[in-house]
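Go by the hints and put chain B onto chain A.
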Amino acid sequence: MARWEVFKKDNARKPYQAVGSVHAVDPEHALHNAKNVFVRRPAAVSLWVAPAAAIFSRSAEELENQPLDPTANGHEQRYLVFRKASNRRSMTFMDHIGETSAPNGESALAQAIDQFDDKPGLAWWVIPAEAITASEEDVAEAWFAPAATKTYKQQSQYGFVSKLREGRKGAVTSDE
Amino acid sequence: MNNALKNALLNRLIGMADDELILSHRNAEWTGHAPLLEEDIALANLAQDELGHATVLLGLVEELNGKTPDQMAYFRDAAEFRNVQFLELPKGDWAFTMLRQYLFDAYETILYNRLLTSSYQPLADVVAKFRGEEIYHLRHSHMWVERLGLGTDESLGRLQAALDQMWPLTAQLFQVSEADNLLSEEGVFPLAADMADEWQEIVLPHLANCSLHVPTHATMLLAGRETHTHFLNDLLTDMQQVARWDPSAEW
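Taken in order, these protein sequences are the chains called A and B. End of the first sequence sits at 176 in this note's numbering; the numbers just go up one at a time, nothing left out. End of the second sequence sits at 427 in this note's numbering; the numbers just go up one at a time, nothing left out.
It is worth saying that the hints were derived from the structure and are not from the lab.
Derived Cβ-Cβ restraints for the label pairs, each shown as a range: (1) B:R290 - A:A43: 23 to 33 Å; (2) A:M1 - B:E361: 49 to 59 Å; (3) A:M1 - B:N289: 28 to 38 Å; (4) B:W421 - A:T151: 25 to 35 Å; (5) B:E205 - A:E137: 30 to 40 Å; (6) A:R41 - B:V352: 35 to 45 Å; (7) A:E130 - B:Q224: 27 to 37 Å; (8) B:K305 - A:R3: 31 to 41 Å; (9) A:E166 - B:A304: 29 to 39 Å; (10) B:E426 - A:E62: 54 to 64 Å.
Note that beta-carbon positions come from the ideal geometry of N, C-alpha and C, so glycine has one too.
With the rest of the complex left out, here is chain A (with noise of 0.2 Å):
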């Protein structure tokens, strides 16, 4: 089953970030198990998912060791440019920071690495836009809708685990 990677929209301000993988058999099931296990207390208004294999990826080392080699071969086509610019720790590790076109990956990363040269990349990512899926909008609301106000979502909810802590707490003070 193929590996899709998964990229999160937490707000309007925020970019689409890249939030890990899931296997699944075609888009509509990749962005069902991207819900699923991404935005389970859910903060997110929008999910996007591609196929892992229709990913160009470089690291910093790896471009240092092997410069890319861009050349014209395929179908000029809109490429969505991913980078990762800190190794601060997070839940996100790729940011999507626009587009570019070109006629394969590696042509559209080496534009991209001129294009945004705002920052250093750590790492790099251009997927086609084809190859990307997402959510619907017209169902945001059933899929994306605050849990908050649904209680029977919040752990805090079910009593047994604040007895827990409290017996926890009991269980320090009597070993002091």
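Just chain B, lined up with the frame of chain A:
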């Protein structure tokens, strides 16, 4: 609210809550056993949503009869449960679980849509919260029925066997009692029988598109929600045993 109306409403609320509670328990049985890690998480999410809905509905029950959700869930015997029978059957294989979910999600989507305008405001309010989740559940099970139906000979065979077993039992969703007419006249709860056509308009085309054949000569189950299979006893033994070991324990 007069007593007759109150009892009729209680009966329906308990039916809704028990449907959610029992299906939730069956779905939770997949935790750690689903065919894919991603689906394992999906089923756990689904089971948690359903359990949450059951808890909220039992909260409405408590306002009417004074029994806490825990008393209702853990200290009633099978004969007092009001879920429909096809939800209490063992989880079976993945095809059975997904088809059951699909048939039930389609029913709940229709029910929730109608309850949004219930004249019993507490019910209209909670359903408004559940509805988004239910739309999502239906998309998920709809998708799986399609993939299993149009998948391999084996997946289609398993799905058809599940349909043959379950179809006659789905009639129970649309059973009505005398008291239900009262609820419907007062705009409190829709008449279940009135939802059957809309349900068939949703599920029949999809089942056909997924290469499935609805049994035509099946004997439909016309028993009321107070009748159960022995599988409910087994389920309750499992679900209630910890709470019954020490009824005074605090959770």
